[in-house]
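Throw the hints in and build the complete structure from the sequences for me.
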Amino acid sequence: MMFATAPADVLARLDALRAGDAPTHGGHVLSYVYDSGEAELDELAAAAVRAMQPVNGLDPTTFGSVAALERDLVALTRDLLGGDEDVVGTVTSGGTESCLLAVKTARDAWLAARGLEPGTARPRLVAPVTVHAAFQKAAHYFGLALDLLPVGPDGAVAAATVVDRLGDDVALVVVSAPSYPHAALDPVAEVAAAAHAAGIPVHVDACIGGMALPFWPGLPDWDLRVPGVTSLSVDLHKYGYAPKGVSVLLHRGRDRQRGQYFATTRWPGYPVVNPTLLGSRSGGPLAAAWAITQALGRDGFAELAGRSYRATTALVEAVGAIEGLRVVGDPTGPLLAVATDDGVAPERRVDPHLWADAATAHGWVIQAQPSCPQPDGTVLPHTTHLTVTPVTERVLGDLVPALVAAADTVRGQARPEATALVAPLAAALATGAPVGAAQDTPDDGPQGAPRTAAPGTLDSATAGALLGGLGLDPSRIGDDGPGVGPMAPLLAAVEALPAPVAERLLVELLARLVEPRTAR
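For the sequence shown, position 472 matches number 617 in my numbering, and the numbering has no gaps at all.
Hint data in this document are derived by calculation from the structure and do not stem from the laboratory.
Keep in mind the model is a prediction, meaning the values are calculated, not measured.
Careful, some of the hints might be misleading.
[Unchecked claim] Label pairs and their computed distance ranges (CB to CB):
{"id": "1", "residue 1": "A220", "residue 2": "G312", "range": "32 to 38 Å"}
{"id": "2", "residue 1": "D486", "residue 2": "A151", "range": "53 to 59 Å"}
{"id": "3", "residue 1": "G363", "residue 2": "T409", "range": "46 to 52 Å"}
{"id": "4", "residue 1": "R163", "residue 2": "E660", "range": "50 to 56 Å"}
{"id": "5", "residue 1": "A196", "residue 2": "P491", "range": "47 to 53 Å"}
{"id": "6", "residue 1": "A167", "residue 2": "E230", "range": "54 to 60 Å"}
{"id": "7", "residue 1": "R539", "residue 2": "G488", "range": "31 to 37 Å"}
{"id": "8", "residue 1": "V489", "residue 2": "D299", "range": "15 to 21 Å"}
{"id": "9", "residue 1": "R493", "residue 2": "R163", "range": "38 to 44 Å"}
{"id": "10", "residue 1": "A151", "residue 2": "G264", "range": "51 to 57 Å"}
{"id": "11", "residue 1": "E188", "residue 2": "A408", "range": "34 to 40 Å"}
[To be verified] Cut-off 25 Å, straight-line C-alpha distance, at most; resulting in silico cross-link-like pairs (SDA-like, lysine to any residue):
{"id": "12", "residue 1": "K389", "residue 2": "P643"}
{"id": "13", "residue 1": "K282", "residue 2": "G424"}
{"id": "14", "residue 1": "K389", "residue 2": "W509"}
{"id": "15", "residue 1": "K389", "residue 2": "R158"}
{"id": "16", "residue 1": "K282", "residue 2": "D313"}
{"id": "17", "residue 1": "K389", "residue 2": "V219"}
{"id": "18", "residue 1": "K282", "residue 2": "W509"}
{"id": "19", "residue 1": "K282", "residue 2": "L654"}
{"id": "20", "residue 1": "K282", "residue 2": "G522"}
{"id": "21", "residue 1": "K282", "residue 2": "E640"}
{"id": "22", "residue 1": "K282", "residue 2": "A647"}
{"id": "23", "residue 1": "K282", "residue 2": "R267"}
{"id": "24", "residue 1": "K282", "residue 2": "V652"}
{"id": "25", "residue 1": "K389", "residue 2": "E640"}
{"id": "26", "residue 1": "K282", "residue 2": "T306"}
{"id": "27", "residue 1": "K389", "residue 2": "W412"}
{"id": "28", "residue 1": "K282", "residue 2": "Q439"}
{"id": "29", "residue 1": "K282", "residue 2": "A220"}
{"id": "30", "residue 1": "K389", "residue 2": "A220"}
{"id": "31", "residue 1": "K282", "residue 2": "P643"}
Note that beta-carbon positions come from the ideal geometry of N, C-alpha and C, so glycine has one too.
Below, the structure written as structure tokens:
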């Protein structure tokens with residue numbers, strides 16, 4: 146066969162592109178990737194993916210291996226997370242899909258119980274403001290009113306705050322184990338008890354913690370052992386160490402889980418029965434997750450969780466000893482957030498975003514998180530997030546000195562002045578770009594839910610020009626390595642702009658990244 150490009154040259158080009166990415170192994174990226182530190186697991190996963198590469202998960206009656214592998218993964222996670230024989234589940238394409246399906250199932254059950262059709266009523270989804278953004282997406286997609294509740298300075302929500310918002314119009318309450326931004330373990334048992342008494346289902350989002358917290362010492366019950374927990378999501382591409390994307394959604398009760406499915410015989414093709422949002426699904430990630438869980442077993446996961454626990458404990462102690470920084474709250478699980486220590490003199494403070502940028506210059510990638518206004522008027526400060534993996538324990542000797550050196554580099558430096566950063570944007574907007582209407586769109590929910598700009602309020606050309614005003618050129622990203630440059634100025638501008646404008650600019654940034662490029 147004649148190829149347009151020789152396969153060897155195609156792979157060489159792919160290798161060249163990958164060389165510009167942030168490293169996925171070795172512990173230098175403390176977000177997005179979950180490195181077990183065990184090369185054998187990576188090789189096993191790759192072999193499993195190759196074995197299932199042509200398999201379509203759409204029809205397990207044709208490809209029985211799909212049913213067998215999924216059955217084993219559901220059984221493993223159910224047993225690990227305290228479920229009994231009444232708990233059933235589905236393997237999904239990732240945490241976002243698991244969360245979307247949990248919300249859709251709850252919405253449909255709420256409507257069915259009242260004899261209503263979708264679109265005829267708008268039930269509430271109640272959750273702390275720290276709940277993963279996937280639930281904002283779910284509420285937006287499925288027409289629920291998003292009722293976000295404030296948390297304390299430590300990132301933890303009070304059970305009473307959640308209980309006070311319960312009512313007959315609530316289709317689902319969501320709590321996190323733990324929350325991604327601050328590693329706070331929500332009060333699952335207290336919330337579930339009150340919700341169960343009111344007949345309201347509770348979902349535990351354990352996407353990040355579900356494969357690690359079972360081995361974390363000293364925790365209260367937070368999983369399916371808690372009466373009143375109706376569903377739970379857990380990602381196997383996080384601390385299950387599988388390649389992206391594979392997650393499990395568990396439901397208590399077959400009838401409830403069956404409501405998750407879409408089925409139709411009302412077209413002239415084959416009968417369509419989908420347990421997930423996707424139809425055709427790759428068997429690769431499913432097989433990789435299965436192979437890894439089979440190889441590790443409970444004891445293997447416990448050992449890896451132990452490495453993450455020791456590394457997290459060491460990092461909490463090390464960061465807590467850096468003058469000008471503080472660890473937020475009391476982190477639960479293998480992650481933590483870091484904020485400025487306002488208890489020291491201004492000239493000794495360390496801005497977490499400047500610290501993150503300085504750490505990148507030292508060869509380590511940590512994730513900047515913007516400040517967050519809450520429904521009660523308080524504001525959660527901007528922070529930096531660190532995800533800790535088993536391999537982190539091996540590199541602490543290099544990581545901790547780098548974090549200390551990064552703090553020394555920026556100590557006393559002021560964060561970029563947001564007013565100056567957005568001044569070019571304000572001037573551009575004042576020339577007539579119709580963004581003001583975005584501020585008048587109704588809230589997606591009654592308690593400070595995010596607002597979405599109406600389509601067309603800021604066109605692509607204007608948004609692109611505004612990105613240029615911030616010094617961002619999407620056409621260059623990917624040519625000179627990962628990232629868009631220092632994050633501190635970008636996030637300062639994001640915080641200073643009205644949310645719909647900031648969100649529209651970020652959409653433009655990401656959309657332009659994948660547009661075909663003209664020669665230059």
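Right, here's what the structure says about each hint:
For A220 and G312, the Cβ-Cβ distance of about 36 Å falls inside the hinted range of 32 to 38 Å, so the restraint holds. The given range of 53 to 59 Å is respected by D486 and A151, whose C-beta atoms sit roughly 57 Å from each other. One distance hint, 46 to 52 Å for the beta-carbon pair G363 and T409, holds here, with the actual separation near 49 Å. Taking the beta carbon of each, R163 and E660 are about 21 Å apart, not inside 50 to 56 Å as hinted.
A beta carbon spacing of about 59 Å between A196 and P491 contradicts the range 47 to 53 Å that was offered as a hint. Remark: the range hint 54 to 60 Å for A167 to E230 is contradicted by a beta-carbon distance near 43 Å. Take R539 and G488: their Cβ atoms lie about 33 Å apart, and the range 31 to 37 Å holds. Against the hinted window of 15 to 21 Å, the Cβ-Cβ separation of V489 and D299 comes to about 19 Å, which satisfies the hint.
In this structure, R493 and R163 meet the distance hint of 38 to 44 Å, their C-beta atoms being roughly 41 Å apart. For the hinted restraint 51 to 57 Å between A151 and G264, the CB-CB distance of approximately 53 Å keeps it satisfied. Separation of E188 from A408 is about 39 Å and conforms to the stated range, judged on CB atoms against 34 to 40 Å. A C-alpha spacing of about 33 Å is found between K389 and P643, which places the hinted pair above 25 Å, so the restraint is violated.
Under the criterion of a C-alpha separation no larger than 25 Å, the hint pairing K282 with G424 is consistent with the structure, at around 20 Å. As the CA atoms of K389 and W509 are separated by approximately 22 Å, the hinted pair is consistent with the 25 Å bound. Only pairs whose Cα atoms come within 25 Å are accepted, and K389 paired with R158 is accepted, the gap being roughly 22 Å. About 23 Å separates the Cα atoms of K282 and D313, which keeps this hinted pair within 25 Å; it holds.
Between K389 and V219 the CA atoms are separated by roughly 17 Å; this keeps the pair inside 25 Å, and the hint holds. Our distance criterion of 25 Å between C-alpha atoms is broken by K282 and W509, whose separation comes to about 30 Å. With a CA separation close to 19 Å, the supplied pair K282 and L654 stays within the 25 Å bound. For the suggested pair K282 and G522, the alpha carbons sit about 23 Å apart, so the restraint of at most 25 Å is met.
Restraint check: the Cα-Cα separation between K282 and E640 comes to about 20 Å, which is no more than 25 Å; the hinted pair holds. The hinted pair formed by K282 and A647 meets the criterion: a straight-line CA distance of about 17 Å does not exceed 25 Å. Restraint check: the Cα-Cα separation between K282 and R267 comes to about 15 Å, which is no more than 25 Å; the hinted pair holds. About 14 Å separates the Cα atoms of K282 and V652, which keeps this hinted pair within 25 Å; it holds.
This hinted pair does not check out: K389 and E640 have alpha carbons roughly 30 Å apart, beyond 25 Å. With a C-alpha separation of about 23 Å, the suggested pairing of K282 with T306 holds against the 25 Å cut-off. A distance of roughly 33 Å separates the Cα atoms of K389 and W412; the hinted pair therefore is violated under the 25 Å criterion. The suggested pairing of K282 with Q439 is violated, with an alpha-carbon distance near 33 Å, which exceeds 25 Å.
With a C-alpha separation of about 29 Å, the suggested pairing of K282 with A220 is violated against the 25 Å cut-off. This hinted pair checks out: K389 and A220 have alpha carbons roughly 20 Å apart, not beyond 25 Å. In summary, the hint linking K282 to P643 is supported, as the alpha carbons are separated by about 19 Å, within the 25 Å threshold.
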